[in-house]
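Once you've looked at the hints, dock chain P with the ligands against the given chain A.
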Amino acid sequence: MTGTRAPLPAQTSTAAADATTPSARRPSPLHRVLEAVGVTNVSLLIALALVILVIGSQNADFFRGSNLIVIGTAVAISGLLAVVQTVVIIAGGLDISVGSVAGLASVASAMIFTATGSTAVLGLAGAVLIGLLCGLVNGAIIVYGRVNPVIATLATLAAFKGIAQLISNGRAQGYTGSDPIFIFLARGSILGIPTLIWVLLLVAGLLHVMLKYTDIGRKIYALGGNDAAARLAGININRYILAIFALAGMVAGIAGVLITARTGSGQPISGSEGLELEAITAAALGGTALKGGKGSIISTLLAVLLLGVLINGMTLLGVNPFWQNVAKGTLLVVAVVIQQLRSGERRVGIPQ
Amino acid sequence: MTTTSTPPTLVAEGIGKSFAGVHALTDVTLEIRPGEVLALMGENGAGKSTLLKILSGDQPPDTGTLRMHGEPVTFSSPADAMAAGVRVIYQEPEIVPHVSVAENVYIGRLPATARRFNRRALRERVRADLERTGFTGAIDPDTLGSRLSAAQRQLIEILRALTSDTAVLAFDEPTSSLSDAETESLFRLIRELRESGVAIVYVSHRMKEIFELADRIAVLRDGRLIGVRPAAETDEEELVRMMVGRDLSSMFQRRHTGAADQPVASTESRRPVLELRGVTSDDVSDVDLVVHAGEVVGLAGLVGAGRSELARAVVGDVPLRGGQVVVNGRPLRLRTPGDAVAAGIGFAPEERKADALLMHRTVRDNLSLAVLDRLSRLRFVRTRAERELVDRYVEQLRVRTPSPEQQIRKLSGGNQQKVVLARWLARRPDVLILDEPTRGVDVGAKAEIYAIIDELAASGVALLVISSELPEVLGLSDRIVVMQNGRIAGELDRDEATEERILALAIADHAAEGASR
Ligand SMILES: Nc1ncnc2c1ncn2[C@@H]1O[C@H](COP(=O)(O)OP(=O)(O)OP(=O)(O)O)[C@@H](O)[C@H]1O
Ligand SMILES: [Mg+2]
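Chains as they are written, first to last, in UniProt numbering: chain A, 1 to 352; chain P, 1 to 517.
Note that these hints are calculated values from the structure, not bench results. The beta carbon of each residue, even a glycine, is placed where N, CA and C say it ideally should be. Errors might be hidden in some of the hints.
For each label pair, taking beta carbons as the anchor points, the in silico distance ranges come out as [what the hints assert, rightly or not]: (1) P:97 / A:340: 20 to 26 Å; (2) A:334 / P:29: 39 to 45 Å; (3) A:54 / P:379: 41 to 47 Å.
Coverage of chain A stretches by chain P, computed from C-beta distances (three or more under 8 Å per stretch; other residues unrestricted) [as the list claims (entries may be wrong)]: (4) 205-217; (5) 220-228; (6) 233-245.
If we strip away everything but chain A, and leave its shape as in the complex, we get (with noise of 0.2 Å):
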């Protein structure tokens, strides 16, 4: 094993360590298995795997490949605003508003769309744009307004959702439904899977690259984990956590087109309402710890993925859709329940 590689001073070291350490066992295959795939991502693929084993085995259409395409689809915006609010999480913030930035940049970006003689190409930017401020907005009351991140953004969740409907009048606006790129990023499809999972897939994997690869990643754990420490080790916490939060508001923008782009007009509130929870129902069960510094973007997307299935499983089945988030409740709460047994936290006073 070792006869491949070049004789690092490294892997001395690393004998040497091992040998002070005679007690450690190796650990078995299993083991090293779940180390690698993670315990939270073995965990959800069961899930996962019980749940569409159920639902196939009662309606088989639910394998045909139209509907794994709905269910793709149903599920690309709210997990959007899943992996992003899951980078906030980890950072140790909270952004609850996703949803109201998402409408906001929805109207704006059919308005801007029909304002500009149907160019949609302004209508994306200037919603993007709008989420990117929204986010400085918020970033700027946590920082300098010293004000804690859920009450900062409770009062921004009101406050954007207000201007969405005072500049729409509280009407759907524009219609885009006609304009080929709105079409595209609705309907359309590369290599047989639709643009909307793309652009889910293409925003998860920048985050995730960024998390797990790059030194921003690092300090993001390191600032939700500890920011006492962080600062200490001379991260400069202001100025990521405006970037966070901008980032935030920016791909709630980018959900904002896709909103647009699915009814075909802008949306002030319909169509991203209550989206701030699904997100951060999805983060929690996919195990971002809300108290920070622990989390990951492909959990998360897992997570999006079973309550994706579990809902189109459900209604395929025919199951009252009062039932439907009773189910989702309950699955958090089972989800969470096992991570905190199996985290060893000490169970004393009021859970993290």
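Just chain P with the ligands now, kept in the frame of chain A:
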């Protein structure tokens, strides 16, 4: 003195405990007797804290039993153990941040008549406790928990134990954050408790304390009990041999060589790197201090003298109210610690858990945190380079971990401390400020850390070392600056410095003021 015929208060029989493949304890059998101080020694990660956690019901043993006064007992929580009279004062005491010292001391036992408790009575009670135990002035009963120093938090734990019925009292490295004077008070207390028949377990890495206090000394190595010796019948050398499993007498001979003895170009070694000019913050006033390239300046003083507060002002963690911090001739504009780091100042803080560690991240993540920008190319962390760096420091500081991918919270206290140090050693800043760098570190690793400090100094780094351990300050420093009450009380050269002179400066004149802080 106790005789073997005294029936033991608490017996641990065949205790074993492992964590996911790491055997922390294997078949440990130990008697804890009334009216006796049993010292527990061993390298970092030997299993001392784990044993205490089992005694206190914080963790269940995998195998073995506990017997209290001959009866088998099972403690399923610390509350159980306390009810039976067993208390442990941990390395990192837990206190409630938003209530007062007085309430913290009597937490869970607040005199609640009809659901209301009498704040004034409580405060008076704690004041009396402080007086009785000789800690008046060290702590104000009204202070909020969140404002307490490490030493004061320790003191709260001690007061909690002293104010309840205790048959077995265990201390896990209690003096690692105490100054000498406070250590004296603590020892006096421990001796009194011993006289009154309490069985005491005392964990420490400091030989001097062990021989001052202990009646018997038990040594753990890799989770096994190597032996128990009466203190009168053993010596440092034997204990070290028992702890590390081989002769390490050479370890104690490694002495600081001092910048003066180094063949470094003398002009270079006299170049001022860090200059403090009238530095003033909320806690320190008008501090002038120069650290030259290749120089180790020790910062001594009582706990609360403002040493850590000075460090925090210098790194921009707390705002400057006046004065200047100058690095390499350039005055700094300090808004956040990031500015200090960018200017070449490294700071390893005293409180590793609160201010340094990412508890849920790996050893690797924790170690490389301050050098990520250097390890990255186009913002991508070069994992191979990182791996090599981490392996090198893990080996050099002998961090005991199954792998660099282990979560740091699963390491023993001393090993966590080594990772905090390694983070800054790896960065190799121009100025390195170390606040209690060897807190909780075992003898072998201490020598290693001293050697690294020497080596850094020899390579031209300017070091400011804060330590409450006088022999450490004396051994390491080229120059010793003594603080008192937020000001510099005096300065001693390496040749003229002695423990007595440092102490004299630390407590002279303003002793009364100093104590009331
Ligand atoms: N929760 C845990 N999970 C995994 N390993 C653990 C855990 N707690 C302790 N260990 C391991 O058990 C061993 C003994 O740890 P312990 O804290 O008892 O050491 P110690 O003798 O107190 O050391 P120190 O002098 O550094 O405080 C160490 O190797 C440590 O890494
Ligand atoms: Mg310990």
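Each hint, compared with the structure:
1. Under the hint 20 to 26 Å, the C-beta atoms of residue 97 of chain P and residue 340 of chain A, about 23 Å apart, fit the expected range.
2. About 43 Å separates the C-beta atoms of residue 334 of chain A and residue 29 of chain P, a value consistent with the hinted range of 39 to 45 Å.
3. Taken as a hint, the range 41 to 47 Å holds for the pair residue 54 of chain A and residue 379 of chain P, whose Cβ atoms sit roughly 44 Å apart.
4. A count of 4 residues in the stretch 205-217 of chain A with a Cβ less than 8 Å from any Cβ of chain P is obtained; the coverage claim is therefore met, three being the minimum.
5. Proximity of the stretch 220-228 of chain A to chain P, defined as three or more residues with a beta carbon under 8 Å from a beta carbon of that chain, is established by the 5 residues found.
6. For the stretch 233-245 of chain A, the proposed coverage by chain P is satisfied: 6 residues have a C-beta within less than 8 Å of a C-beta in that chain, meeting the threshold of three.
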